[in-house]
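Listed here are the chains, written in short residue letters.
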Amino acid sequence: MKGWLLAPLMVFLTAQVALGAGGRISEDTEACIECHRSVHPGIVAGWKESRMAKITPAEALKNIGLTRRISTEKVPYQVAGFVVGCAECHAMNPEGHRDTFEHEGYQVHAVVTPKDCATCHPVEVRQYGENLMSHAYGNLNENPVYRDLAETTAGSQTFEDMKTMYEKADAETKADSCNYCHGTEVKIEGVRARDTGFGEMKFPILSGWPNQGVGRINPDGSKGSCAACHTRHEFSIQMARKPHTCSECHRGPDVPAYKVYLVSKHGNIYSSLGKAWNYTAVPWTGGEDFTAPTCATCHVSLVVSEEGEVVAERTHQMNDRLSWRIFGLIYAHAHPRSPDTTIVKNKAGLPLPTELTGEPVVEYLIDANEQDKRRETMQKVCLACHSHGWVDGQFARFENTIKSTNEMTLTATKVLLSAWEKGAAKGLAQKDSIFNEAIERKWVEQWLFFANSTRYASAMAGADYGVFANGRWQMSKNIQEMVDWMQFKLKEKQK
Amino acid sequence: MKGWLLAPLMVFLTAQVALGAGGRISEDTEACIECHRSVHPGIVAGWKESRMAKITPAEALKNIGLTRRISTEKVPYQVAGFVVGCAECHAMNPEGHRDTFEHEGYQVHAVVTPKDCATCHPVEVRQYGENLMSHAYGNLNENPVYRDLAETTAGSQTFEDMKTMYEKADAETKADSCNYCHGTEVKIEGVRARDTGFGEMKFPILSGWPNQGVGRINPDGSKGSCAACHTRHEFSIQMARKPHTCSECHRGPDVPAYKVYLVSKHGNIYSSLGKAWNYTAVPWTGGEDFTAPTCATCHVSLVVSEEGEVVAERTHQMNDRLSWRIFGLIYAHAHPRSPDTTIVKNKAGLPLPTELTGEPVVEYLIDANEQDKRRETMQKVCLACHSHGWVDGQFARFENTIKSTNEMTLTATKVLLSAWEKGAAKGLAQKDSIFNEAIERKWVEQWLFFANSTRYASAMAGADYGVFANGRWQMSKNIQEMVDWMQFKLKEKQK
Amino acid sequence: MKGWLLAPLMVFLTAQVALGAGGRISEDTEACIECHRSVHPGIVAGWKESRMAKITPAEALKNIGLTRRISTEKVPYQVAGFVVGCAECHAMNPEGHRDTFEHEGYQVHAVVTPKDCATCHPVEVRQYGENLMSHAYGNLNENPVYRDLAETTAGSQTFEDMKTMYEKADAETKADSCNYCHGTEVKIEGVRARDTGFGEMKFPILSGWPNQGVGRINPDGSKGSCAACHTRHEFSIQMARKPHTCSECHRGPDVPAYKVYLVSKHGNIYSSLGKAWNYTAVPWTGGEDFTAPTCATCHVSLVVSEEGEVVAERTHQMNDRLSWRIFGLIYAHAHPRSPDTTIVKNKAGLPLPTELTGEPVVEYLIDANEQDKRRETMQKVCLACHSHGWVDGQFARFENTIKSTNEMTLTATKVLLSAWEKGAAKGLAQKDSIFNEAIERKWVEQWLFFANSTRYASAMAGADYGVFANGRWQMSKNIQEMVDWMQFKLKEKQK
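These protein sequences, in sequence, are chains L, Z and W.
Here this note's numbering is used: the first residue of the first sequence is 11, the next is one more, and so on.
Here this note's numbering is used: the first residue of the second sequence is 11, the next is one more, and so on.
Here this note's numbering is used: the first residue of the third sequence is 11, the next is one more, and so on.
It cannot be assumed that every hint is accurate.
Identical copies look the same in the list; a pair holds intra-copy or inter-copy alike.
[Said to hold, decoys possible] Simulated crosslink set (SDA-like; lysine to any residue; CA at most 25 Å straight-line): (1) K436 <-> V85; (2) K441 <-> K452; (3) K424 <-> V89; (4) K64 <-> V89; (5) K503 <-> Q490; (6) K424 <-> Q490; (7) K275 <-> W287; (8) K178 <-> Q222; (9) K452 <-> T423; (10) K197 <-> A406; (11) K197 <-> L142; (12) K501 <-> E170.
These aren't lab readings, by the way, just hints derived from the structure by calculation.
Based on the provided sequences and hints, a complete structural model is requested.
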């Protein structure tokens, strides 16, 4: 470390940063860089590459119309004239941050939150608050049914006397599994002193840390982590627009969006020709900047035609271009009205947007008009490159797949209900977990893996993910195996 | 839309296209672009990038010898002097196209077919007619055994009184699953009027649309879609030569060619170093343009050495470099003589190229001489970078794997035959589907997933796909589970 | 072929190589190229791209300090002044190579080995000898438990009289499966004459060839193949540093390192931004040359900070930055002291580093001090871009996952032990294979697939690989299925 030996060198390097950045670095940020340049060189190097290190908010405001990248109309005087560096984000709003600590004369916090980002990007943060993702922590952990799914998935099992017992998952395990994507609750657990190259210093101990989950509960009370998609500390728009970012959470068998995209024609064009595209232009011009959509094109970005006509408005709500929620729940259904789905309750009293037999709980869901509106918003993107006949055919097929996958889930559910009724397994009536026996696991895979995968394949034309790659083949085979399991179990229980 | 407002602008833009293209755009195509530039900007932008937008057929004919990219000797006078644009493909041969409709004074069709492409590329279209892919629709849908596999895979199931019932898959579901790759039958179902930015217009309603399956049945009676691999509207040779194109259909567990390639040494070289290669040169020079093969190198492309010697002739038949058909059927076998496999019948009367117990139905299959010839054609490509000892070792190992995977399929088949015989399941003797019970599903996976995967891993050196990634581990485990299932079932049926 | 026709051309081409190379090609290598340029153009073309074709060892020695790429202090006089070409590697140490044969007046061998590479890279070869990989052949094939796993995986099965029988895997099958990565034993089986374009020639017949497995047993008695990672004949450092190289062996369900990496934040940054990185600089500077680690960064490479401070020393032992061995064995455990694990024996007499119930066999494993040292070495890399709080949190979570996955393996093992005890399956007490029955297969998947995957996901933050993608969901479901299988089996065996 030997920070003091390097000090003269660092002043020079800092000056270089300032020059390279083409903007003014605040004195506070310069103070941060002076040490952290050698302590965490990767962070500083990443940040130097970022647009935030090169443009001041005041300069960013000079971009007009669709080219503007920040959504505030007025940046606070104190930060407007400096590039956005360490201090601008990590020392903002110290009172609001319960994780604030005194560090070399500054009040800093480790956990930068949407509330911090909202200083310059208030519209995106507001939209994101309407995004289901921002409630991903509570929607999983405060819904009794889903919490049980998480517990029986991540918890331990023991085996004694020919019987298995489930144990609750500890916090570390949850943070390492479901909450890695859904977000943890970050709390201050104490303070620890540590010897550094600059003497002993004190740092807060954070539980649920590190985490960049989309629904993270932050020490300032806000929800989410912009860094989930806008990766620290380069915050590259290129990266946010590439599908690999979405793949961090949307690739597994429960939500194979990325895999489906990659085998689709769109994904093929991206993989084959995408290296020549422009991923940094704002607005993003179809045909000129790219010739096939990435995830962001259809779901997030401000897209315009070569003639400058707006094809799609930028959104961080994301589901406002989607009429159906096709994954995560037992049946595909119209999107919920509120991003907080813990308020949903079906007729049977379960916190689910449909009955166990599929009927939607309409009062919590968007209506057909809203669905039509969202579908049209999405189709406007499709129509930039496809004829009406093409798009109509694609969506008719997708609607049919919504229907047929829901039917197959209903069949699997009927098998499960029979198993419960006949005593092959214990379910709702016995107040037992509905996720802890082998047939229940198969039932979960029916919708969480196979029906989801089939719907993604239909939505994005990912062929085999709707057939042999966790698709219709598995849906169909799984029902046979559920029935067999029930019959074997009934035989086994027979004297 | 407001097309009339943009009209002056568009004339200018069209002129730009003409200049950029460096070739003459026909008046008809200019008329198309005038409106579609704003209606479907992505299509026009993609086409502008294409070689077809830049070179006229007359110019293309000036390339001599191996550098020529079109295979006709003479292009019709009417199109020779214009770059190949909208009208050249979508207004060609209007009488032959049952999907032709009157549109703004032109007779156009949406579905461009191999017959259209044959105007300039007759050799490739003829070769493709010998390719199994061109018959992919019929080979699946008109073979009773395979149609049943498709129906039991994609069809619905219901559950009543402890029994499951299969229902046939509807056309939309088939188009969304098997026929997505195999091709749909595109038919004209009527006409619909639609308000457009240019007033009301009438368009044909097409069933089975959209589709780009390799065996699509077209409204002009032809088979296939060149756009399956030569993606509209850029028709990039670069894209056709990259493995991502093949992955659209050849990635799932039934045919994991792409996945195996990616983990192979060849795939590693492509992923690591391929960005610096030349994918557009014709002919394609090994060593100079690329240092490891892609799918196209071994199976399709005209490949030459740096000294200009032909290593492999261009082919669109593809299996003329392959001695064995290693996937899709119950046993690996010599390639069928005819691409139309609906004519095949084994001794037991089933439309299969082998008996259920593996013996080849030799009269429908290529003989050993033809196999040798095809193997040598392929090996010439290998030998450009590998010694004879290396290549001999590789092929000896592959032949051994053909044999051992067929043996494991035979073992699984014997288990299934026992299950039928002992009444654990219903099969051929009971005239029941051979794909609708759990043990039958396992039997299918034995060959369709595990034996296939193992053979691909052997053919392309994809290691784990022959072991733990749907390989020998699963082949071996699956047999155990088939036997157990049979025994549990027999016990269950016991009073 | 017609080599003699091309001879004048080749002399010219060879001269071109010499000029292009910017170094002196030895006469011996020129003689090789003269023919092989036309016989195997791909090999020569690949080599021309290599650094070895451009720099002589004498020149390489001029690089001082951290920039030096060869580790010998003195290159033998005979080769120092020539670039490293065909003859330098394939004609080295002819007496030591049992595969040496007379070829056009030279004593050459096909199989280049670590002993050959050690002429210039002795430190790396020595370190690699301490790497478990160098013993991958014996650790699999000479450990009775593991050999049995390999045999029951790759061997055939037959079915007669309602019973299955296992047969041993033949050598070709083993070479095509487990030994593809682990390495084969390459032996000289005889000599074969072959007509070539230059007349009849004799070549040795090698068994176990081709192979580039990491633990290959070479004809000169050495172990391993440097070409496994340093792909012939370009030997690109860029390629060795990219994750695709590691994926050749580390991608399947048994060791999904590559897949986990790709969905991690690090992998996302690599996929999204990595094309702009510098993969050839030595030393490799974090922040400047790359902004997120590849496999090599954390496990192999010499990494420095922008200020030139060494973050990590180069190593080819690889596990000297790892405190736990997280895959391949039944339980995660401290790394073995010796790379030769055939010497390990637990209390029960099995050649395993833990008891069947998880207790480590400490005398063969590194102690806690050594574990701490290795963890700190790794953490120094992390700390280049992450705070201490971040890194501490990450490692605490990882240690917890080691513990909880081992517990789940213990539970599965208890189920298996019960099954053996109750007669549902035959195990150690019956001296039966512990891998040949369905429940034993499930037990293997519990640790070899699911626990491994979960630990990789934890180590590299690959989210879903610790949940639904062969993670905790499968660990938990598998235990249920093991118990059910045992109960069904006991019922079935009941009269």
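* Within, between, both or neither, where K178 and Q222 count as close if Cα-Cα is 25 Å or less -> within (23 Å within a copy, 46 Å between copies)
* Asked: Between copies, within a copy, both or neither: which fits K436 and V85 at Cα up to 25 Å?
  -> neither (59 Å within a copy, 73 Å between copies)
* **Within, between, both or neither: K197, L142 at alpha-carbon 25 Å** => within (22 Å within a copy, 41 Å between copies)
* **Within, between, both or neither: K503, Q490 at alpha-carbon 25 Å** => both (20 Å within a copy, 16 Å between copies)
* Tell me, please, which holds for K64 and V89 at an alpha-carbon limit of 25 Å: within, between, both or neither? => The answer is within: 14 Å in one copy meets 25 Å, while 51 Å across copies does not.
* **K275 and W287: within-copy, between-copy, both or neither at 25 Å Cα** => both (16 Å within a copy, 22 Å between copies)
* **Intra/inter-copy verdict for K501 and E170 if alpha-carbon distance must be at most 25 Å** => both (23 Å within a copy, 19 Å between copies)
* To do: Pop the pair K424 and V89 into one bin, within, between, both or neither, using alpha-carbon distances up to 25 Å.
  => neither (60 Å within a copy, 62 Å between copies)
* To do: Can you give me the call for K441 and K452, within, between, both or neither, at a CA distance of at most 25 Å?
  => For K441 and K452, only the intra-copy Cα distance (19 Å) is at most 25 Å; the inter-copy one is 30 Å.
* To do: Indicate which option fits the pair K197, A406 if close means a Cα-Cα distance not exceeding 25 Å: within, between, both or neither.
  => between (48 Å within a copy, 16 Å between copies)
* Asked: How would you classify K424 and Q490 at a CA-CA limit of 25 Å: within, between, both, or neither?
  -> Answer is both: 13 Å inside a copy and 21 Å across each meet the 25 Å cutoff.
* To do: Evaluate K452 and T423 at a C-alpha cut-off of 25 Å and name the case that applies: within, between, both or neither.
  => Both: 10 Å inside a copy, 23 Å across copies.
The structure fails to meet hints 1, 3 from the earlier list, while all remaining hints are met.
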